[in-house]
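Peer 1: Sequence:
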Amino acid sequence: MNNITDTFKLYNGVEIPCMGLGTWQSKDEIAKLSVLAAMSHEYRLIDTAAAYGNERGVGAGIKECGLKREEIFVTSKLRNADHGYKSTLNAFELTMEKLGLEYLDLYLIHWPNPVQYRFIWKEAMQETWRAFEELYEAGKIRAIGISNFMPHHIDALMETAKIKPMVNQLKLCPGITQDEAVDYCKKNDIVVEAYSPFGTGAIFKVPEMNEMSKRYGKSIGQLCLRWCLQNGFVSLPKSANPMRIKQNGEIFDFELSKEDMDIISNLKGVCGEAPDPDNILF
Numbered sequence: 309m310n311n312i313t314d315t316f317k318l319y320n321g322v323e324i325p326c327m328g329l330g331t332w333q334s335k336d337e338i339a340k341l342s343v344l345a346a347m348s349h350e351y352r353l354i355d356t357a358a359a360y361g362n363e364r365g366v367g368a369g370i371k372e373c374g375l376k377r378e379e380i381f382v383t384s385k386l387r388n389a390d391h392g393y394k395s396t397l398n399a400f401e402l403t404m405e406k407l408g409l410e411y412l413d414l415y416l417i418h419w420p421n422p423v424q425y426r427f428i429w430k431e432a433m434q435e436t437w438r439a440f441e442e443l444y445e446a447g448k449i450r451a452i453g454i455s456n457f458m459p460h461h462i463d464a465l466m467e468t469a470k471i472k473p474m475v476n477q478l479k480l481c482p483g484i485t486q487d488e489a490v491d492y493c494k495k496n497d498i499v500v501e502a503y504s505p506f507g508t509g510a511i512f513k514v515p516e517m518n519e520m521s522k523r524y525g526k527s528i529g530q531l532c533l534r535w536c537l538q539n540g541f542v543s544l545p546k547s548a549n550p551m552r553i554k555q556n557g558e559i560f561d562f563e564l565s566k567e568d569m570d571i572i573s574n575l576k577g578v579c580g581e582a583p584d585p586d587n588i589l590f
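Note that our numbering has the sequence shown beginning at 309, numbered continuously upward.
A portion of the hints provided could be inaccurate.
To be verified - In silico DSS-like links for lysine-lysine, alpha-carbon gap of 25 angstroms or less:
1. K513 - K526
2. K430 - K472
3. K317 - K494
4. K479 - K430
5. K472 - K448
6. K430 - K376
7. K394 - K470
8. K522 - K576
9. K394 - K479
10. K371 - K394
11. K576 - K494
I should point out that these hints are in silico values taken from the structure, not numbers from a laboratory.
Can you build the whole structure from these sequences, using the hints too?
Peer 2: Structure, rendered in structure tokens:
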């Protein structure tokens with residue numbers, strides 16, 4: 309990878325940029341401005357979700373950025389309360405209305421086991437995926453995938469699925485490596501995306517990362533994103549600061565040593581723990 313527009317290829321041939329803009333916790337107007345800033349600095353992947361409440365803002369930024377629709381890779385995710393076949397179809401139409409788009413590049417099941425479906429999660433997930441497959445086959449989505457899925461969730465999905473997920477989006481950052489899920493995905497040709505690559509800000513207080521930042525002459529955020537890239541993850545850093553958005557994309561002129569990659573991977577606990585999708589309370 310030599311620049312932010314370089315891509316990973318999904319198994320269906322669709323190409324996804326190696327880094328994008330995360331928009332969690334950005335309200336509509338901030339999301340719009342963040343998208344515009346990102347596009348001006350050559351980002352081409354934007355990640356949102358129904359649960360973020362900012363799909364209208366993201367859509368406005370896409371509309372106003374001046375780029376052709378086919379130049380931008382747009383991801384959204386299904387809200388937890390909308391699992392099930394009919395609910396998924398309705399939720400997708402609402403997402404498209406809010407974004408103001410005719411098609412989506414990637415649609416993800418946000419969580420496999422929401423609290424609303426705790427006792428029927430497998431059946432609800434399988435029916436949700438049936439709707440995803442239908443939307444994909446109708447050409448309304450270019451790629452379909454999952455988020456926060458562990459191997460047993462994917463195995464359950466594949467009991468009835470006709471189409472294998474193309475992407476799994478996971479919390480991946482220094483000390484949170486989710487090795488079992490990542491290895492499973494890589495063995496099954498599922499591209500891994502890293503959300504919260506800065507551990508929602510916790511990483512900036514870690515002494516080892518400050519020392520490494522001085523040695524490389526790079527920000528701690530850039531080190532985290534380079535770590536993602538060298539691990540083969542698509543990274544989704546969130547920022548509403550135009551200068552930070554620009555800086556986050558400047559990770560293609562250096563390489564982390566194996567020793568420093570290992571140091572970052574082994575900072576266990578500094579960014580908390582990976583979420584347990586079978587025990588989330590939302």
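Peer 1: If a hint holds in the structure, say so; if it does not, say that too.
Peer 2: Comparing the hints with the structure gives:
no.	hint	result
1	K513 - K526	holds (15 angstroms)
2	K430 - K472	holds (16 angstroms)
3	K317 - K494	holds (13 angstroms)
4	K479 - K430	holds (22 angstroms)
5	K472 - K448	holds (17 angstroms)
6	K430 - K376	violated (39 angstroms)
7	K394 - K470	holds (18 angstroms)
8	K522 - K576	holds (21 angstroms)
9	K394 - K479	violated (29 angstroms)
10	K371 - K394	violated (29 angstroms)
11	K576 - K494	holds (22 angstroms)
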